[in-house]
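Engineer: The primary structure of each chain is shown beneath.
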Amino acid sequence: MNPAVIRTEGLNAFYGPKQALKNVAISIPEKSVTALIGPSGCGKSTFIRCLNRMNDLIPVFRLDGRILHKGTDIYSKDTDVIDLRRRIGMVFQKPNPFPKSIYENVAYGLRIQGITGRGVLDGAVQESLRKAALWDEVKDRIGDSALSLSGGQQQRLCIARAIAVEPEVMLFDEPCSALDPIATAKIEELIVELKRDYTVVIVTHNMQQAARVSSRTGFFLLGELIEYDTTDRIFTNPSNALTEDYITGRFG
Amino acid sequence: MVIFDEELAALKEKILKMGLLVDAAVRDSIKSLVERDSGLAREVIRRDREINACDVGIDEEGVRLIALRQPKAHDLRFLITAMKITTDLERMGDLAEDIAERAIELNEEPPLKPYIDIPRMAGIARGMLVDVLDAFIRKDAAAAYDVIKRDDEVDGLTVQIFNELLFFMIQDPRATSRAVKITYLSKYLERIADHATNIAEMVVYMVEGKMIKHMKP
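Heads up: the protein sequence lines correspond to chains A and B, in order.
Numbering-wise (my numbering), the first sequence opens with residue 1 and increments by one.
Numbering-wise (my numbering), the second sequence opens with residue 1 and increments by one.
The shape of chain B in the complex, shown without the other chains (with noise of 0.2 Å):
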């Protein structure tokens, strides 16, 4: 057994090497957009093979495993997990791509207003991120719990945000535009958030064996 808890170890480094590829990305998709540099958004596209990349990775040692060591019990459910979260980190992945697209979109034209609220959101969203891989890790359910609560912060934010932009159309329909793409951009955040919401109700799956999705009251 030594050799299949050395496995497992490996794989669940791998899985937060791509975790933690996913929160620059979101970051310098961020960054790239509040700096208006249109490089670094161009970076964050090109590193997206890169998540892709673990995304196949992890799902064939999973595979693998699954063939090879006939896992039981906690050790399937993290491998369940395991294969389950590289999907959502990796859709993560591509609307932090999506973001650095807008971004360089937005970049080409005068800013429509100082960026506070997509900031703000993003910080969220990535805490959120960085919390549930914590929680995955260390097997705590409560963490995951208490990051499924967020998610209600990051839904109220992209509803103030279409208002506030929704004004700014109605007051200069040449706004309409770079508007939209920035109601884009708190999209892709609240789905980056979603995403991290799926995770950790793998992260309650796989430590407490109950699947808790689709049960919010």
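Okay, chain A solo, but in the shape it has when bound (with noise of 0.2 Å):
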């Protein structure tokens, strides 16, 4: 196992009154794909928009123990968030392009970190393009407007604006539940190629999206980390009944 890029002990989550989050104690090793499952309002969103934090803009959200990122309790008071956020960055269930051109909104995050060389951001953004494997499908029409692109390529798209500030981390909070099985499988390839360079978190509700691409899982229940092992583990022979339970469809 890589060593760990984030590290969370005794985290506690709570929107108001209620619970979301109990003793969560991980460790996700960087440069490797960690899958987050388990059945609605098990915590598992919760947790991965704890780790950028996300959750600042609730304000009945409170959270006590520690989350480290490379050592460093990024919940501190110098922390700066924005460039937490470029260091873990984030893409969403929905693909969220910004109306804007398809160019623009790679370069979006550079020119807000004050990047204006044409030649630079060119650069950028074609790289970005191709790590998000959307280059060849868009580089005639890269002036175009973004809302022109297939929900596939628009989440593909969402996922090069993310790599455009060369984050350490990405989450992805249920990628693919709006895409179409041919869409899916080029989100899930470029996954797996996205761990060459990044630490990838992904959560997702499909289990095998997550067999398929992850080599840690991690299964969350009413808010607890049941379990945590490598994924052959979990889905050959987890240890945990609640897990077994889970995976096979016994319950949830």
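Just so you know, these hints were derived from the structure itself, not from any lab.
Since the structure is predicted, the reported quantities are computational estimates derived from the model, not experimental observations.
Hints should not be assumed to be uniformly reliable.
[To be verified] Partner residues are not named here, just some residues of chain B that face chain A (Cβ under 10 Å, in silico):
#1 F4
#2 D5
#3 R69
#4 K72
#5 A73
#6 L76
#7 R77
#8 E208
#9 G209
#10 K210
Ideal placement from N, C-alpha and C gives every residue a C-beta, glycine not left out.
Starting from two chains that each stand alone, build the complex the way the hints lay out.
Structural biologist: And the structure:
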């Protein structure tokens, strides 16, 4: 197992009085794909959203415990949240391109970092689109609106947009749930590719997807991390009976 | 999942049925020898087709369930085990057929001596088969380990029978053809016990998720 890039200790999260995460401790190895599975409401999305502080925007949200990114507590007072989200990027369930051109979508993150040189931007846009396996499909219409792309292409555009700012970790929250099987297969191949350069954490309802793309899998239930092990082990011989019941479809 | 559970239960029943056909084949092949009943031996040979049909049917159903249900964890291990143990059961059926063939040949000649150790060996091998089927049905790893232990007893008897028959051959070279055939019988039974051991190893895999094959100390 590669060294951990993200580690949580005694993580508890609350929405008002309701506890959404209970004492979650996990180590996420760098340059690997970690999948989080579990029934709706189990806390897996809450968890992944803690990792780049997306939950900060929810007024009733409260958290205790620690989340360490390369040893630094991301919830400490000194954390620059904007910079944190650059280093830990996120791709959401529904593709959410900006109503701008394909080019401007990818260049957006760089522009807000103050990068304006045309050559630098062109290079970064092209490289990001290539890494997101979208370049060949859009290279002749890079000035067209991002909204003219298909759903699957829009999702890969969002991945390119996340890649452009050179993150260390990429979080995927159900990235294929709005896509057809062919677009899903492309995103999955891409996720497997991405682990060469990035650490990937993916939340998915699709257990086959977790099995296909990840090297480690965590199973959440009612806010607890019930089991976290290699994906091989989880899908052939999990050690916890609750995991076994879930992955074999006996409940949930 | 109710449908899948029913499908798995039906598959289990098919394996049990196949196992009982194999046990009956071994039983009757030995009976045809001891009672010098070549008609029964020919029946054993004829019935092997049924066992072969079970083997094919179970494998096809296993492939279908893997494709359509994407089994995981204990369901996956059950299906893999089911498909592997039918191969062993089918081979055991073939060996019972071999016993029946030798029985027909031996029944044509005067008996060399009363059969004592061969039926004893068959009794142990059949006990292993029945108990391993039971362990499979009940998902009982301890019972499977117990079956594996009994294989040594069968191996010991094989050596003992060989030594005894060697003595017969040296004493009277005219007995050689019959003695060699009886040696074959003990070898067939030893192989039947080996297949029961293979099945037991798969049952341990199914229950505990660990492969203990080829790890005998």
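Engineer: Which of the stated hints cannot be reconciled with the structure, identified by number in ascending sequence?
Structural biologist: Hints that this structure does not satisfy do not exist here, as all of them hold.
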